[in-house]
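Undergrad: Sequence lines, in order, name chains A and B. Anchor point for the first sequence: position 35 equals 34 in numbering that gives the first Met the number 0, and the numbering is continuous, going up by one each time. Anchor point for the second sequence: position 82 equals 81 in numbering that gives the first Met the number 0, and the numbering is continuous, going up by one each time.
The set of hints was computed from the structure by calculation and includes no laboratory data. Even glycine gets a Cβ: it sits at the ideal position worked out from N, Cα and C. Hints are not guaranteed to be accurate.
[As the list claims (entries may be wrong)] Not everything, but these chain A residues come out facing chain B in the computed CB check (under 8 Å):
hint, residue
1, R26
2, R57
3, M98
4, P105
5, L117
6, L125
7, E140
8, G143
9, K145
10, H154
11, K159
12, K161
[Stated by the list, open to error] Pulled from the structure, derived: some chain B residues nowhere near chain A, Cβ distances all over 10 Å:
hint, residue
13, D19
14, D48
15, A205
16, D220
[To be verified] Which bits of chain A does chain B cover? Going by a derived footprint, with three or more residues having C-beta under 8 Å, they are:
hint, stretch
17, 37 to 46
18, 61 to 71
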Amino acid sequence: MNSRNADLQRRQRFDRVVSVLHKDLYRYAAWLCRDPGIAEEVVQEALLRAWKSLDALREDGAAKSWLLTIVRRENARYFERKRLETVDIDNLTPSQSAMLAETEDPNVADMRQAMYQLEDDYREPLVLQVLLGHTTREIAELIGIKQGAVLTRLHRARIKLKEAVEKEAAA
Amino acid sequence: MKASGTDMNCEDYRVSIAADPSESFDAAAAHVAACVSCSAYKAEILALDAIIEKALHIDVPELKLPELSPLANDENVVNLPFRRAARLSASSWIGIAATFALAAVIGWQFTGNGTEQDRLLAAQVLAHVDHEPWALKVTDVAVSEAQFTRVINPGIGTMDRGIGLVSYAQTCIINGMNIPHLVIQGEKGPITLLLMPNEWVSAPVALSGESVNGVILPVGDGSIAIIGAREERIEELKKRVVDSVEWSI
């Protein structure tokens with residue numbers, strides 16, 4: 000195979016993988032950093048890194064966890080570089096506010112706000128489980144903590160969300 | 000309270016279902032089938048999850064791919080100096096290699112206070128080395144530059160070949176990812192290096208056996224396993240190996 004064909008096949012493979020997973024990557028990034036603008040930057044940078052190391056991915060079936068790992072690292076790098084302050088829910092940028100834009104369902108709107116305010120340690124495993132369909136073992140591997148700790152965080156996350164939306168409904 | 004005929008009590012069930020609504024844990028189905036109250040709690044958690052899922056589905060902007068330039072040719076990317084390691088006599092090499100190869104297949108251990116993920120990775124590293132004992136050949140013949148650059152490709156990063164005589168270089172698989180498996184000739188025998196840019200460890204993981212010793216070192220967002228003969232001065236080698244590698248990812 001000549002190098003031009005190899006480049007073309009490589010590009011086709013990359014496009015195929017990214018087109019299937021792009022939404023998951025973006026939503027994961029957005030819920031990690033809680034800012035759609037930053038999420039776009041993080042995903043772009045992650046895709047560049049993925050492109051450079053695509054040959055390390057032996058099977059496309061492993062692409063999802065591979066790309067999520069890259070997004071996770073890129074998000075950490077971004078915040079290392081920028082040293083951003085924590086998000087103040089009462090003083091959001093327009094980009095941050097866009098994430099909390101009203102939906103038709105008030106229950107979903109309340110839940111989105113509760114998710115937004117949930118601590119990182121609880122929010123991330125929940126996103127991986129509910130949105131991305133990861134098992135608790137897969138979450139443990141991705142985050143680098145024990146499976147028992149993942150279970151504890153998931154349990155607490157749901158209890159916190161339940162209390163938050165009940166409080167909001169009662170107000 | 001335990002539901003009739005089950006080993007799980009209500010509190011355990013509720014903690015478990017709130018952590019994993021897929022009910023993949025043992026005895027869950029039996030408990031919820033026999034407990035009306037927990038059945039209602041499960042329905043409540045599933046309803047909560049349905050709302051969580053909707054809340055997480057935020058709008059996604061149109062995909063804009065970054066500029067993806069074709070990768071440079073290998074020969075343009077890796078252009079490394081070559082330096083031979085100190086040489087031992089052929090007979091002493093053979094003896095060392097036999098001991099090393101035998102040790103590799105009989106009961107290694109890894110120690111330290113790493114996470115479960117660290118231990119899983121260590122187990123995979125050891126299993127992999129055990130499955131490629133032929134890589135531990137004692138020789139003074141280095142792999143070709145072409146082979147080296149095929150294995151240490153731009154997708155992985157770069158490596159300064161001056162760390163020693165590289166006698167083996169193959170692409171292998173750890174956790175479903177292609178990784179470079181190298182062997183360099185050390186002072187006391189062959190030394191295995193596994194470069195794992197996608198496998199992070201929380202802290203150095205020590206690997207020890209009767210005749211061998213090694214370590215998995217965190218390096219950037221990845222890790223490098225270094226495994227040599229018992230007498231090999233791995234400590235001295237660590238910094239050289241780490242300094243010689245730069246990940247592209």
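Undergrad: Indicate, hint by hint, whether the structure satisfies it.
TA: Results of checking the hints against the structure:
Hint status for R26 (chain A) relative to chain B: holds, with the closest Cβ pair at about 6 Å, below 8 Å. A distance limit of 8 Å between C-beta atoms decides the matter here; for R57 (chain A) the minimum to chain B is near 5 Å, and the interface restraint holds. Interface restraint check for M98 (chain A): the shortest CB-CB distance to chain B comes to about 6 Å, inside 8 Å, so the restraint holds. Taken as an interface hint, P105 (chain A) does not check out: its beta carbon lies about 11 Å from the nearest beta carbon of chain B, beyond 8 Å.
Violation of the interface hint for L117 (chain A) is found here, the shortest Cβ-Cβ separation to chain B being roughly 10 Å, above the 8 Å cut-off. With its C-beta approaching chain B no nearer than about 7 Å, L125 (chain A) sits inside the 8 Å limit, and its interface hint holds. For E140 (chain A), the shortest C-beta to C-beta distance to chain B is roughly 6 Å, which falls under 8 Å, so the interface hint holds. For the restraint placing G143 (chain A) at the interface with chain B, the shortest Cβ-Cβ distance is roughly 5 Å, inside the 8 Å limit, so the hint holds.
For K145 (chain A), the shortest C-beta to C-beta distance to chain B is roughly 5 Å, which falls under 8 Å, so the interface hint holds. Restraint check, H154 (chain A) versus chain B: the minimum CB separation of about 4 Å is within 8 Å; hint holds. Annotation: K159 (chain A) was flagged as interfacial toward chain B, and the flag is violated, the nearest CB pair being 11 Å apart, outside 8 Å. For K161 (chain A), the shortest C-beta to C-beta distance to chain B is roughly 6 Å, which falls under 8 Å, so the interface hint holds.
Chain A draws D19 (chain B) into its interface by the beta-carbon criterion, the shortest separation being 6 Å against a cut-off of 10 Å. For D48 (chain B), the condition that its CB be more than 10 Å from all CB atoms of chain A is violated, with the nearest at approximately 6 Å. The non-interface label for A205 (chain B) is consistent with chain A: the shortest C-beta to C-beta separation is roughly 18 Å, beyond 10 Å. For D220 (chain B), the shortest C-beta to C-beta distance to chain A comes to about 5 Å, within the 10 Å cut-off, and the non-interface label is violated.
For a cut-off of 8 Å, the count of residues in the stretch 37 to 46 of chain A with a CB near a CB of chain B stands at 4, and the three-residue condition holds. Under a criterion of three residues with beta carbons nearer than 8 Å to beta carbons of chain B, the stated coverage of the stretch 61 to 71 of chain A is upheld, 4 such residues being counted.
Hints 4, 5, 11, 13, 14, 16 from the list above are not met by this structure, while the remaining hints are.
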